[in-house]
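*Asks:* Fit chain B to the supplied structure of chain A, relying on the hints for placement.
Chains A and B supply the protein sequences, listed in that same order. Its first residue numbered 1, the first sequence is counted upward by one per residue in the working numbering. Its first residue numbered 1, the second sequence is counted upward by one per residue in the working numbering.
Since the hints were derived computationally from the structure, they do not count as laboratory data. Certain hints may be false.
[Said to hold, decoys possible] Simulated restraints, written as ranges between beta carbons of each label pair:
1) B:30 / A:10: 21 to 27 Å
2) A:96 / B:108: 45 to 51 Å
3) B:30 / A:45: 43 to 49 Å
4) B:68 / A:54: 17 to 23 Å
5) B:101 / A:52: 29 to 35 Å
6) B:121 / A:54: 28 to 34 Å
Cβ atoms here follow ideal geometry from the backbone N, Cα and C, with glycine treated the same way.
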Amino acid sequence: MAKRSNEPFLWSLFSSGGMIAALMLPVLILLFGLAIPLEWIEAPSRESLLALVRHPLTRLVLFGLCSLPLFHGAHRFRFTLYDGLQIKHLNELIAVVCYGGAIVGTALAGYILWTLG
Amino acid sequence: MKQSHAYTLYHPKWYRRRVSTWWWTQQWRSFKFILRELSSLAVIYFVALLLWLLWSLGQGEASYRNFLAWMESPLMIAFNVIAFLFVLYHSITWFNLAPKAMPVRVGGKRLPDWMIAAPNYAAWVVISVVIAWFILGGN
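Next comes chain B alone, as it looks inside the complex:
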């Protein structure tokens, strides 16, 4: 017998709840999730900015000055404030996620989350200071 909807009394359609495109605005948790996911745009934006800086460095003094002048425009400052907040949000959520992604067990007991997250934060501080020192140290 052919199994087709034409032979059934009821149209065989699976029940699927329609989810609105704006589902993530309904709950604070989902909103934070989408904010975190959107931090990817800030990351991409900043890589583009970094490439621009490196390119301008290679082009010559005038080009580098031009880059710095561009960074001073209010529009770029506004962009950078937003991008900075998103990147910061990315860092914090990323470090806090590490213990959940790779739980470490010592002697059969799971280490508390903060013991895995803390070294990440420590590395963050150290690396940030080292980078700033390298960039500004040559002055």
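Isolated chain A (complex conformation):
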């Protein structure tokens, strides 16, 4: 029997993360990265934003929005290094750093969202 691969599992994280990132990231980066700093629109007050973020559903969405795109990014970046730079001998190290980073980021997101009061 062939060795079982964890590729399908990683790929499901990759594709769901890719979908969430595609659907939700552009509007957020447009708002917080450009529209608000360039004063096209006024920044929301901390109270209103905090009230929004404290809602359990928002926290859940935000957790998914932080975690899954990290795995998406890790998976894709891993193969960018693999294909682009052809550093196949470092494959394992790259995988550990990429997915490890995504796990650390997920834990951090969980911690921040959990302690938000």
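*Replies:* Just chain B now, kept in the frame of chain A:
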């Protein structure tokens, strides 16, 4: 008999073309592919930014103001313009890829690509508006 290269007249080395590290600059298609793959960095960057925002929200008013002030620096604006373009590129290539990743057949015929991609774009618009409304609505 031992099968070792020492016993053969010709050194048994498979022919492998050397591929330059810069192979993807040779063709527009491959260049676009690498650009798309590099959008992953923009995604990671933006998740980091989002975590920073959430953290600063929890820390207090001064911290949140500090975050907003940071976003106004020209350096961050420049970063965000680039990241925004990459994320946009990710979204568009992602939605256009969906029909190729999961072709839908109705009555034995494959649905045209745009019929699968279109709902993605529609969902994108709706979700973007809803998110913006939630964030700005509380003002």
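*Asks:* If you check the beta carbons of residue 101 of chain B and residue 52 of chain A, does the distance land in 29 to 35 Å?
*Replies:* Given about 33 Å between the Cβ atoms, the range holds.
*Asks:* Take the C-beta atom of residue 121 of chain B and the C-beta atom of residue 54 of chain A, compute their distance, and say whether it sits inside 28 to 34 Å.
*Replies:* Check passed, 32 Å falls within 28 to 34 Å.
*Asks:* Indicate whether the distance between the beta carbons of residue 30 of chain B and residue 45 of chain A respects the range 43 to 49 Å.
*Replies:* holds, 47 Å
*Asks:* Can the suggested window of 45 to 51 Å be confirmed for the beta-carbon pair residue 96 of chain A and residue 108 of chain B?
*Replies:* holds, 46 Å
*Asks:* Quick check: does the Cβ-Cβ distance between residue 30 of chain B and residue 10 of chain A fall within 21 to 27 Å?
*Replies:* holds, 24 Å
*Asks:* Can you tell me whether the CB distance of residue 68 of chain B to residue 54 of chain A sits inside 17 to 23 Å?
*Replies:* Holds - the Cβ-Cβ distance for residue 68 of chain B and residue 54 of chain A, about 19 Å, lies within 17 to 23 Å.
Taken one by one, the earlier hints all hold for this structure without exception.
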